[in-house]
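Peer 1: Sequence:
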Amino acid sequence: MNDLRDFYILGLPIETSIGDCHFIKIKDYYKFAQYLNLVRMSRDEIAYSLFSANQTESSKEVKKLTLFEVVTQLPLFTEAYHKVLSKMFNDEGILEKVTQDNFTEIRKLILDMNLLKEEKINPNPIIQKAIERSKRLKSLESSELNLTNMISSIVAFGSSDYEKIVNWTIYQVYMTFLRIALLKKYDTSTLFATVDPDHAKNIEDWSKDIEIFEDDNHTLSKKEAENISKMISSSH
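Under the working numbering, the first residue of the sequence shown is numbered 15, with each subsequent residue one higher.
Because the hints were derived from the structure by calculation, they are not lab data.
Ideal placement from N, C-alpha and C gives every residue a C-beta, glycine not left out.
A couple of the hints might just be wrong.
[As the list claims (entries may be wrong)] Lysine-lysine pairs mimicking BS3-like chemistry, simulated, CA-CA at most 27 Å apart:
1. K41 - K77
2. K131 - K45
3. K41 - K122
4. K131 - K143
5. K78 - K45
[Claimed, not checked] Pair ranges (Cβ atoms, derived):
6. E218 - K111: 39 to 47 Å
7. E218 - G172: 16 to 24 Å
8. G33 - I145: 32 to 40 Å
9. E228 - T113: 28 to 36 Å
10. E93 - L123: 16 to 24 Å
11. P139 - G172: 48 to 56 Å
12. N116 - F227: 14 to 22 Å
13. E29 - E75: 30 to 38 Å
14. A144 - T113: 34 to 42 Å
15. K198 - K39: 41 to 49 Å
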């Protein structure tokens with residue numbers, strides 16, 4: 015389904031073997047963010063979360079299963095997948111159409127359409143805890159890009175208004191913001207080039223491809239997805 019990504023910017027439904035899959039709009043994101051976070055979790059992350067909650071035996075049992083088996087056997091995840099897929103496919107019975115054979119493909123599409131990516135989990139729990147501590151420190155030290163900043167920037171540059179953006183998708187917001195950023199960088203570079211010709215070599219094409227799926231900075235982490243949910247829900 016990778017060849018379909020070029021059309022994500024339009025926000026149109028994606029045709030799949032089990033029906034048309036629709037994007038979740040910004041205005042509805044808060045209703046599904048908690049479920050999307052569960053869909054985002056890999057089997058290893060689920061096992062690690064159980065281990066961290068001192069459910070060692072349950073963690074070991076999960077590691078023996080495929081992710082599809084985990085989803086069909088653990089009610090928490092069954093509900094999450096049902097909520098998300100029912101919304102995106104407009105079909106309350108959609109989960110019955112998901113099988114071991116098409117599960118990975120359908121789940122990957124759901125993650126891509128919502129700019130979600132699995133967290134990488136180290137098989138060693140001690141090392142994983144150290145990695146999480148490091149991430150928390152980096153998060154405190156850096157200024158994180160968030161939805162509020164992106165949407166307000168889009169509005170400030172006159173690309174749209176708030177009333178319209180609520181009907182955009184997460185993908186459209188990210189891509190529009192990143193395109194504006196490239197355009198402003200281009201404008202600045204060309205301005206400096208008029209003063210110092212050496213700056214001309216640093217000018218990037220503002221219309222170049224944005225590899226949004228190749229860069230972890232352009233996908234939503236668990237924390238970012240939760241922040242989006244809180245921000246949108248607080249406005250209702």
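Peer 1: Take the hints in turn and mark each one as holding or not.
Peer 2: For each hint, the structure was consulted:
For the given pair, K41 sits about 36 Å from K77 by alpha-carbon distance, which is inconsistent with the 27 Å threshold. Proposed proximity of K131 and K45 is supported: the alpha carbons are some 19 Å apart, at most 27 Å. Between the alpha carbons of K41 and K122 the distance comes to roughly 23 Å, so the proposed pair stays at or under 27 Å and holds. Simply put, K131 and K143 have alpha-carbon atoms about 19 Å apart, close enough for the 27 Å limit, and the pair holds.
Distance check on the hinted pair: K78 and K45 sit about 32 Å apart at the alpha-carbon level, beyond 27 Å; violated. Between E218 and K111 the beta carbons are some 44 Å apart, a value that agrees with the proposed interval 39 to 47 Å. Range check, E218 to G172: Cβ separation about 22 Å, and the 16 to 24 Å hint holds. Between G33 and I145, the C-beta spacing of about 38 Å keeps the proposed range 32 to 40 Å intact.
For the pair E228 and T113, the supplied restraint of 28 to 36 Å holds, since their beta-carbon distance comes to about 30 Å. Distance hint for E93 and L123: a CB-CB separation of about 20 Å, consistent with the stated range 16 to 24 Å. Taken as a hint, the range 48 to 56 Å holds for the pair P139 and G172, whose Cβ atoms sit roughly 50 Å apart. For N116 and F227, the hinted distance range of 14 to 22 Å is satisfied, since their beta carbons lie about 21 Å from each other.
Against the hinted window of 30 to 38 Å, the Cβ-Cβ separation of E29 and E75 comes to about 37 Å, which satisfies the hint. Evaluation of the 34 to 42 Å hint for A144 and T113 yields a pass: the beta carbon distance comes to about 38 Å. Against the hinted window of 41 to 49 Å, the Cβ-Cβ separation of K198 and K39 comes to about 27 Å, which falls outside the hint.
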